[in-house]
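Numbering-wise (my numbering), the sequence shown opens with residue 26 and increments by one.
FYI, nobody ran anything at the bench for these hints, they're computed from the structure.
Every value quoted in this text rests on a predicted model; they were computed, and no experiment measured them.
No residue lacks a Cβ here, since even glycine has one placed at the ideal position from N, Cα and C.
Some hints here could point you the wrong way.
Unchecked claim - Label-pair ranges, simulated between beta-carbon atoms:
#, residue 1, residue 2, range
1, Val84, Val63, 29 to 39 angstroms
2, Arg154, Arg74, 29 to 39 angstroms
3, Asp150, Gly80, 42 to 52 angstroms
4, Leu78, Arg124, 13 to 23 angstroms
To be verified - The list that follows gives simulated cross-link-like pairs (lysine to any residue, SDA-like), each with its CA atoms no further than 25 angstroms apart:
#, residue 1, residue 2
5, Lys136, Ser149
6, Lys136, Gly146
7, Lys136, Gln76
8, Lys136, Glu85
9, Lys136, Ile164
10, Lys136, Thr86
11, Lys136, Thr75
12, Lys136, Thr89
13, Lys136, Glu93
14, Lys136, Ala91
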Amino acid sequence: VTDDELRRRGDREPQPRLAPLLRLVASKVLLARVDEAVHLVELQAVTSRTQPLDGTDPVETWATYATEYAGLEPAAASAVVRAVGTAFTAPVSHLVPMRYRGDVLASHRVKLGSRIFPIRGLGSDPRTRELVLAVEERIG
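The task is simple: from the sequences and hints, build the whole structure.
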């Protein structure tokens with residue numbers, strides 16, 4: 026049945042083509058939390074680790090491997106379990122939702138301006154193609 030036939034019969038209004046609409050809705054669902062992604066963050070990995078001769082803590086050198094828009098939400102314990110799928114013994118202060126990336130590891134960190142957030146865990150949802158990082162803000 027074509028749209029013209031439906032109009033002539035008066036059964037109902039013609040239906041819009043759904044494929045573009047479904048793609049739009051899917052992208053809005055994907056961006057529901059990414060809409061909160063107002064922060065341009067740097068994803069960083071350790072490039073070198075040097076042990077000083079005086080026995081103090083190792084000195085790490087970090088390099089930025091990606092820059093992404095992400096959200097930054099204070100984390101409650103229940104939100105961490107929902108987002109990442111597990112409870113943590115390490116402290117988690119924030120959740121960082123962003124578009125999915127396959128190269129992010131728990132040994133990396135997120136940098137927002139002068140603020141540093143080591144990653145304590147990560148979770149992804151293949152349905153929404155979202156990656157959520159559980160991080161702890163390091164002060165000092």
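To see whether the hints hold, each was checked on the structure:
| no. | hint | in the structure |
| --- | --- | --- |
| 1 | Val84 / Val63: 29 to 39 angstroms | holds, 33 angstroms |
| 2 | Arg154 / Arg74: 29 to 39 angstroms | holds, 33 angstroms |
| 3 | Asp150 / Gly80: 42 to 52 angstroms | holds, 44 angstroms |
| 4 | Leu78 / Arg124: 13 to 23 angstroms | violated, 43 angstroms |
| 5 | Lys136 / Ser149 | holds, 20 angstroms |
| 6 | Lys136 / Gly146 | holds, 16 angstroms |
| 7 | Lys136 / Gln76 | holds, 23 angstroms |
| 8 | Lys136 / Glu85 | holds, 15 angstroms |
| 9 | Lys136 / Ile164 | holds, 12 angstroms |
| 10 | Lys136 / Thr86 | holds, 14 angstroms |
| 11 | Lys136 / Thr75 | holds, 21 angstroms |
| 12 | Lys136 / Thr89 | holds, 9 angstroms |
| 13 | Lys136 / Glu93 | holds, 11 angstroms |
| 14 | Lys136 / Ala91 | holds, 11 angstroms |
Checked against the numbered hints above, the structure breaks only hint 4 and satisfies the rest.
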